[in-house]
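Given only the sequences and the hints, what does the whole structure look like? Please build it.
From first to last, the protein sequence lines are chains A and B.
The first sequence begins at 6 in my numbering and counts up by one.
The second sequence begins at 1413 in my numbering and counts up by one.
These are calculated hints, taken from the structure and not from any lab test.
Quick reminder that beta carbons are idealized off the backbone N, C-alpha and C, glycines included.
One thing to keep in mind: the hints can contain errors.
Residues from chain B shown here face chain A by an in silico Cβ test under 7 Å; the list is partial [said to hold, decoys possible]:
| no. | residue |
| --- | --- |
| 1 | L1442 |
| 2 | G1444 |
| 3 | F1446 |
| 4 | K1454 |
| 5 | G1455 |
| 6 | P1456 |
| 7 | F1458 |
| 8 | T1461 |
| 9 | N1512 |
| 10 | F1515 |
| 11 | K1517 |
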Amino acid sequence: EPEVTQTPSHQVTQMGQEVILRCVPISNHLYFYWYRQILGQKVEFLVSFYNNEISEKSEIFDDQFSVERPDGSNFTLKIRSTKLEDSAMYFCASRQHATGFQGAKREQYFGPGTRLTVT
Amino acid sequence: EDQVTQSPEALRLQEGESSSLNCSYTVSGLRGLFWYRQDPGKGPEFLFTLYSAGEEKEKERLKATLTKKESFLHITAPKPEDSATYLCAVLTNYGGSQGNLIFGKGTKLSVKP
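Put into structure tokens, the structure is as follows:
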């Protein structure tokens, strides 16, 4: 069964360093997302991406964050200058193209996550 | 503001003891309600999508239902392997955009043998 994969599973970095989190979405999916979950808190939306551009972003997704789809399979989240409060699990998700309300499949499939620890 | 509230926060059951988890929502335009299962240190695993009031979905010991204000996840005769955190999320109508998921805090279910 196709699944979303993420690398690395755990990343430790020092405050102020840049990190790149990588995701391979399900191959026939066209919508891509990043979410994060701080320990013990809700899963929070960061950004959505469709047709090679950002569709929506939350207030969390400020100028230190960027996303890219460098080729036909990878989807990346870059944090330019990490802060202590960026420590969290980061989840990538993908969704099939919705063909209309009737029969539309809007569920998002999540990867296993990358645990980011900023020291 | 769109909100999703889940209750209880934690639920302990004996194996075979059926129960229900609640998800109440306040959204401007519901485009879908989703149930996920999350094991510790893992990503959310998709369970069900519900689109309209009155809809029901079943999978093994789980059954999800939806009304205009809330959804229930019914667990019948649970087993220890059903222990996990169950997340509810809504996809709202942002008029022309694809929307994003708004999650509740989850219900942590523990099933003792």
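Evaluation of the provided hints:
1. Here the hint on B:L1442 is broken, as its CB sits about 11 Å from the closest CB of chain A, past 7 Å.
2. Checking B:G1444 against chain A: minimum C-beta separation of about 5 Å stays under 7 Å; hint holds.
3. Of the supplied interface hints, the one on B:F1446 holds, with its beta-carbon coming within about 6 Å of a beta-carbon of chain A, less than 7 Å.
4. For B:K1454, the interface hint holds, since its Cβ comes within 7 Å of a Cβ in chain A; the closest pair sits about 6 Å apart.
5. With 7 Å as the threshold, the beta carbon of B:G1455 comes within range of chain A, its nearest partner Cβ sitting at about 4 Å, so the hint holds.
6. Given hint, B:P1456 at the interface with chain A, holds; its Cβ is 5 Å from that chain's nearest Cβ, closer than 7 Å.
7. Evaluation of the B:F1458 hint against chain A yields a held restraint, the C-beta minimum of about 5 Å falling below 7 Å.
8. For B:T1461, the shortest C-beta to C-beta distance to chain A is roughly 5 Å, which falls under 7 Å, so the interface hint holds.
9. Annotation: B:N1512 was flagged as interfacial toward chain A, and the flag holds, the nearest CB pair being 4 Å apart, inside 7 Å.
10. Below 7 Å, beta-carbon pairs count as interface contacts, and B:F1515 has one with chain A at about 4 Å; its hint therefore holds.
11. For B:K1517, the suggested interface contact is upheld, since its CB lies about 5 Å from the closest CB of chain A, less than 7 Å.
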